[in-house]
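Undergrad: So the sequence lines, in the order shown, correspond to chains A and B.
Here the first sequence stands for residues 1 to 347, numbered as in this note's numbering.
Here the second sequence stands for residues 1 to 224, numbered as in this note's numbering.
If you are wondering where the hints come from, they were derived from the structure by calculation, not from laboratory data.
You can trust all of the hints, since none of them are fake.
DSS-like cross-link-like pairs, simulated, lysine-lysine; straight-line CA separation at most 30 Å:
hint: 1; chain 1: A; residue 1: 303; chain 2: A; residue 2: 334
hint: 2; chain 1: A; residue 1: 203; chain 2: B; residue 2: 189
hint: 3; chain 1: A; residue 1: 230; chain 2: A; residue 2: 304
hint: 4; chain 1: B; residue 1: 196; chain 2: A; residue 2: 147
hint: 5; chain 1: B; residue 1: 7; chain 2: A; residue 2: 126
hint: 6; chain 1: B; residue 1: 196; chain 2: A; residue 2: 146
hint: 7; chain 1: A; residue 1: 126; chain 2: B; residue 2: 216
hint: 8; chain 1: B; residue 1: 196; chain 2: A; residue 2: 219
Anything over 10 Å on all C-beta distances counts as not near chain A; from chain B, calculated:
hint: 9; residue: 87
hint: 10; residue: 215
hint: 11; residue: 223
Residues from chain B that face chain A, not an exhaustive set, calculated with beta carbons under 7 Å:
hint: 12; residue: 153
hint: 13; residue: 154
hint: 14; residue: 155
hint: 15; residue: 157
hint: 16; residue: 158
hint: 17; residue: 159
hint: 18; residue: 162
hint: 19; residue: 163
hint: 20; residue: 164
hint: 21; residue: 170
hint: 22; residue: 185
hint: 23; residue: 202
hint: 24; residue: 203
In this text the structure is predicted, and so the values were computed from the model without any measurement.
Glycine included, every Cβ here is placed at the ideal spot set by N, Cα and C.
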Amino acid sequence: MSDNGYIVGSNLEKALKAGYFVATGELGPPQSADRHEIEHKAKFLKGIVESVNITDCQTAVVRMSSISVAVILLELGIEPNIQMTCRDRNRIAIQSDLLGAYALGCRNLLCLTGDHQTFGNHPQSKNVHDLDSISLLQMCRDMRDKKIFQCGEPIKGQEPRFFLGAAANPFADPFEFRPYRLGKKVAAGADFIQTQLIFNVPKFQEFMRRVVDLGLHEKVYILAGVGPIKSLAAAQYMATKVPGMEVDPEYIERMKNATKGLPSLAEIKNMPPQEAAEARRLRKEASEAEGIRICVEIINECKKIEGVHGVHIMAIEWEEAVDQIVRQAQIGPKYDPARQSATLQTD
Amino acid sequence: MIVAQQKPLEEIMGMIANAEKVLILGCGTCVTVCFAGGEKEVAILASQLRMATRLAGHEKEIREFTVQRQCEYEYNEQAADYVRDADLIVSLACGIGVQTMNEQFPEKLTVPGLNTSGLSQPTEQGVWEERCQACGDCILALTGGLCPIARCAKSLLNGPCGGSQRGICEVYAERQTPCVWDQIYHRLKDLGQLEKLMEIRPPKNWHTSRDGGQRKIVREDLRL
Ligand code: SF4
Ligand code: SF4
Numbered sequence: 001m002s003d004n005g006y007i008v009g010s011n012l013e014k015a016l017k018a019g020y021f022v023a024t025g026e027l028g029p030p031q032s033a034d035r036h037e038i039e040h041k042a043k044f045l046k047g048i049v050e051s052v053n054i055t056d057c058q059t060a061v062v063r064m065s066s067i068s069v070a071v072i073l074l075e076l077g078i079e080p081n082i083q084m085t086c087r088d089r090n091r092i093a094i095q096s097d098l099l100g101a102y103a104l105g106c107r108n109l110l111c112l113t114g115d116h117q118t119f120g121n122h123p124q125s126k127n128v129h130d131l132d133s134i135s136l137l138q139m140c141r142d143m144r145d146k147k148i149f150q151c152g153e154p155i156k157g158q159e160p161r162f163f164l165g166a167a168a169n170p171f172a173d174p175f176e177f178r179p180y181r182l183g184k185k186v187a188a189g190a191d192f193i194q195t196q197l198i199f200n201v202p203k204f205q206e207f208m209r210r211v212v213d214l215g216l217h218e219k220v221y222i223l224a225g226v227g228p229i230k231s232l233a234a235a236q237y238m239a240t241k242v243p244g245m246e247v248d249p250e251y252i253e254r255m256k257n258a259t260k261g262l263p264s265l266a267e268i269k270n271m272p273p274q275e276a277a278e279a280r281r282l283r284k285e286a287s288e289a290e291g292i293r294i295c296v297e298i299i300n301e302c303k304k305i306e307g308v309h310g311v312h313i314m315a316i317e318w319e320e321a322v323d324q325i326v327r328q329a330q331i332g333p334k335y336d337p338a339r340q341s342a343t344l345q346t347d
Numbered sequence: 001m002i003v004a005q006q007k008p009l010e011e012i013m014g015m016i017a018n019a020e021k022v023l024i025l026g027c028g029t030c031v032t033v034c035f036a037g038g039e040k041e042v043a044i045l046a047s048q049l050r051m052a053t054r055l056a057g058h059e060k061e062i063r064e065f066t067v068q069r070q071c072e073y074e075y076n077e078q079a080a081d082y083v084r085d086a087d088l089i090v091s092l093a094c095g096i097g098v099q100t101m102n103e104q105f106p107e108k109l110t111v112p113g114l115n116t117s118g119l120s121q122p123t124e125q126g127v128w129e130e131r132c133q134a135c136g137d138c139i140l141a142l143t144g145g146l147c148p149i150a151r152c153a154k155s156l157l158n159g160p161c162g163g164s165q166r167g168i169c170e171v172y173a174e175r176q177t178p179c180v181w182d183q184i185y186h187r188l189k190d191l192g193q194l195e196k197l198m199e200i201r202p203p204k205n206w207h208t209s210r211d212g213g214q215r216k217i218v219r220e221d222l223r224l
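Produce the entire structure from the sequences given, and follow the hints as far as they go.
TA: See below:
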């Protein structure tokens, strides 16, 4: 811990330590070298969340590297939370990248195992997995607190200091082991946890009860993963196609009902072009509004759960929605009434 | 045991394209047991190649022989006459057999007729499941006797990843491969040894695996 009582002193750490119900966001890097796409998405996240996660080639699809996007966000005045997976790098590459990331100004780091490469666009690539998320956390903590590399050699000079995050999936199996796995991550060095997207609140509540029983909520900040559903098709996709996800049928029903009374897709097919476009727009608006409403409801539920310190909002490819969500939920640096009186000091 | 699968006929045809006299050389050990390269498979491949080369306009001279263990010089000696007469040898042994033949008979090229695909257990008639990756530092005592190096798609050491659902691995879920970490969890629970799963496993020392360079065992006590 440094002199000021913070481990690292990132905005995220400060807001959590201050006891606010925080909100973090997420940005998926482009599948190109296009900087403008990042600037465009970043616009929607600036000033309304504590920090922004930058995925590390999520679903194993090649994208701009997390650390380079982080540097762009820093230039834009947004605090990044870099994600690092064990899929593509061995311990040499990871440590090397982290030395660089710290030197470039990154202060938050989410340690992940990573989606398997068979999910992505290079299924023929070699599988690294030299470390796993837990040994990765331990290595990062030791680099920070013991000033040593994984091999045990001392870091002569500035050590990379990150506020360390880990993921937890309350919906994966075996369910009864999941709180213990979270405990392992805490023991390995996690300062904060971001969970998988929650679309089954009762199950998450049960998970949190067990986490609280283990006393873990006093050792780590837990951010519940939430996100807006854009359409019925998206809800159905998440329910059936995304590994480790669970969607309460009630939400699928609500997304179905959101467009009730509006022309169906079959009816739209037979409409003249202009009328069809208008009908499509209405359907889209209705779906999106319902998706955001569900997301805000889930956030409000999470606020009441003991041990939950905030939410991690994943609105990848729909960053525009985040402002509405945090505004309606009254959370984050801009809309949390508790934050209006106190201004956070930043390093 | 070592398991292997025969390469597609087309690929084998390509490898023998420039040869007149071809020897198909089987192996009587692992690949016989997994029905990939024993005497019977040698006979089938040989007749397929005779027919295919005839149909292609020029029937090649295809001969057959099977040794008891192609990874040892002593057994391969018995095939020496066949090797001498052939332009090319198609080995139906594992990759070790193919290399032993090339080393022992350097004047002739031996090509692989099989793809060697794992250290597996026959779990049902006609089914072989990978069980070991020969990592050189066996951890089965920690995992209730189930190997996460070979059987977890990510070779994790600290428990199931977030994609494990209903006991099935997230990787190629349609194959319904059991998540070995789910199995390890239940096995350790049954054994009353769940505490083993609560301990943090540090990064594995992959040096004993292929990552440390080609491995060699020397047993002084056995050397002549
Ligand atoms: S731990 Fe290593 S040696 Fe043991 S079964 Fe697994 S791969 Fe084989
Ligand atoms: S689902 Fe299980 S076997 Fe598959 S990668 Fe995850 S932990 Fe490994």
